[in-house]
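**Student:** Here is how the chains run, residue by residue.
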Amino acid sequence: MVSMTDRWDEAEFEALFREQYARIVRVIRRIVQRDSEAEEICSEVFLRLYRSGPRAAADGMAGAWLYRTATRASIDLLRARRRQQSKEVDENDGSQAEDPAEDALTLLLRQERIGAVREVLARMKVERAQLLLLRHSGLSYQELAQAMQVHMGSVGTKLARAEAEFTALYQRCQRRQQKTPQLQTAKEEGR
Amino acid sequence: MKHTERGLLRAYLDDQLDPQEHTAVEQHLEDCAVCKEEQAALLRHATRVHESLEQLPYLHGEENVATAWAAFQKKQEDWKEREEKRWPLSRRLLFAGAALSLVTIILVLTVAPVRAWAESLLAVFRVQRLTVLQIDPASLKAGELQSNQLLNQAIGRLLSDQITVTQKPEKPQLITDPATASKMAGFAVHLLPDATPSSLLLKSGGGMQMKLNRDRIQSILDEAGRSDVQIPWSVDGATIGVRIPTGVLAFYGNCGDIASRVAAGREQNNPRPVEKGDTSCISLIQLPSPVVSAPQDVDPGQIAQVALEFLGMNANDAASLTQTVDWTSTLVLPVIRGKVNYQQVHVNGNEAALLRPTNGAESSRYTLMWVDNGIVFALSGFGDDATAVNLASQL
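First to last, the protein sequences are chains A and B.
Just so we're aligned, residue 1 is where the first sequence starts under our numbering, counting upward by one.
Just so we're aligned, residue 1001 is where the second sequence starts under our numbering, counting upward by one.
Check each hint, because a few of them may be wrong.
[What the hints assert, rightly or not] Stretch-level coverage of chain B by chain A, calculated; a stretch enters the list once three of its residues show a Cβ under 8 Å from a Cβ in chain A: (1) 1005-1011; (2) 1069-1080; (3) 1201-1214.
Because the hints were derived from the structure by calculation, they are not lab data.
Backbone N, C-alpha and C fix where the C-beta goes; we use that ideal spot for every residue, glycine too.
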């Protein structure tokens, strides 16, 4: 896609990149499973901003734009991965390398929990998942309102709704996992 | 007692209220068991979310901004290079938009206006999706209609008396770079990745108003042998505005010497310019949705039915189709059965029509039409169905 009605001043864009990169990549790292993916998404998001021209980030809204686009892209990746995984057996999801001393059972349980969280995020309405992730990343209500382009007075309500949806889906996911322990064991043995 | 809104309670938990609101909620909570319970539920949910998100492993990657910037610059350079390759100086002009523009105008005049009545006051429709209507050629009698002089006179009279051109389309214009094309067309032009257009043309839009005269339209129908189709009285005197926005046409490969044909003027306009090129020719047309405005006091169903019956449907089928189409947002593409093979496919989640002529020599040529985000796309080239859809999906 070409959108070149307006162009960035290169120095201005570099300054913006240097100012925003660390915090944006940090948010993405929480969502995706591999560090290389996080960097790739982050870079892609900045490229999108570059291509969109300075108007996308007018009035000091660059941070908001980047947060919104980065969480959206990361959730899209989660969703794509989820579709893919429904066809393939789960592979390394980034949770394995954290502690080599962790025993197999603890690792399995932890993976299940992480898997459930990602599953829920991928199933939720995207805007709600974005809101939760950005809030968890420490954005204030005012920053959330800017990032998600909503009225500040509605952030509390939206957040409450998103949390309720997350909780309901998470519980459902856990119930399903509890129902299928034998299946899980069988799958493990079959490997 | 009026309970505190959930959003305020939630913001209170996060300490995101201004001091005045904070105190008010705090005081209310002291006395209100209902709100206190609500707040406890909100806290439970918030805690569950927090604990869950905390589980997500934090990837301790490189946070060296300088390294990241260097990597980004590489990506940025690659992108710029691709963009430049995509838009060299165009060598030739083009003209293949004529066919599409004509089709669009015919569509707008025959079928599209009916959609406009569905909206209130000054109704406005914008195309959001596309549907194909297969027409029985036997009932269309296209050849007969063309050779019917009285009919042509009736149509000519209607066009000259009732239509005011509000914006005259200008001659197609050669554009040398994408920025100008996007700027002049007023929308972000989509292009095939990793390919260089051989020609790029801006086809300026047009606008007109048409005052409907029931008697005259009815006389056209009569002359076309469709006296059975009755124009409702409610359309009489209504003014319809049609605006066709500026579109952009991009050609890839060898599409013949389009430049000289366009430069030569109307009589040289070949409706099948590809015949002068070869099978490497790919054309991509993009046109923002035409906009039709009309007063509201006409029943859209009736008008749709007239148009459909005129296109050869029997009254019962026309009536039932009328019910299933959202006339305010659907571009109805009439396709003549037996002349064109039609297949429904998907392009980036949008329903698309894949069309191929049925006669041998031309049947390897596809035309794929879809609507994405208010822009009507038509991609045409030679190849199999998968090639067509893959190419379109890359846009």
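**Student:** Would you mind marking each hint as holding or not holding in the structure?
**Tutor:** Okay, the hints, checked on the actual structure:
1. Here the region 1005-1011 of chain B counts 7 residues with a CB under 8 Å from a CB of chain A, which clears the bar of 3, and the coverage holds.
2. Check on the region 1069-1080 of chain B: 6 of its residues sit with their Cβ under 8 Å from a Cβ of chain A, so the three-residue criterion for coverage holds.
3. Three residues within the 8 Å Cβ limit are the bar, and the region 1201-1214 of chain B against chain A gives 0, so the coverage statement is violated.
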